[in-house]
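Start from the sequences and build out the full structure, keeping to the hints where you can.
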Amino acid sequence: AQSVAQPEDQVNVAEGNPLTVKCTYSVSGNPYLFWYVQYPNRGLQFLLKYITGDNLVKGSYGFEAEFNKSQTSFHLKKPSALVSDSALYFCAVRDVNKLSFGAGTTVTVRA
Amino acid sequence: NAGVMQNPRHLVRRRGQEARLRCSPMKGHSHVYWYRQLPEEGLKFMVYLQKENIIDESGMPKERFSAEFPKEGPSILRIQQVVRGDSAAYFCASSPRTSGGVSTDTQYFGPGTRLTVL
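Chains as they are written, first to last, in my numbering: chain A, 1102 to 1212; chain B, -18 to 99.
Straight-line Cα separation of at most 25 Å, BS3-like style, residue types lysine-lysine; simulated pairs: (1) A:LYS1123 with B:LYS25; (2) B:LYS8 with A:LYS1150; (3) A:LYS1150 with B:LYS25; (4) B:LYS32 with B:LYS43.
Everything labelled a hint here was simulated from the structure, so no lab data went into it.
And the structure:
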């Protein structure tokens, strides 16, 4: 089965600093990887996905992610974090009919 | 273009009652997925449906849970004889298509239904 892992439960950064949320994957075949964000008491919002092509994927709200095959990673990045980026972030991998999610990383951006 | 709609947003039931959760996919989407988010846990897949067909229900509990996606109307997730352990957020997602094998289509999520069982 396909799976992803998010090694950090929480990430804390100061506003204006770079933000990185880590994700590693374990798949057989080609990985189809996704990032979603969840704000309190809300649904998941799609940020970006990697299917094939360039290893650097650009998404919504200034986020990007870098696919690294040798390290089996798909880390989410933002060059300059905002307080409004504080939320729960999920990495996911497509597994035939479903998405398999990581446990999530809570990001707190302090002013 | 309206997104995925779910209702109700909040649902309170007493133990033993039935819960019905509704999901209307995005316009043009004919594939629906249900996920459950238990407190302090990530999202877990429950079931994948196309119109009038259950394609994959590998994540559904064997008893008390059922899902349907009729030709007309929303998809319904039904939980019979609810227990406290059913308290969770239930999310519906939709996608435009799935070809054979692994789909690369993005799943778009609704706002969820938060079920509380007293």
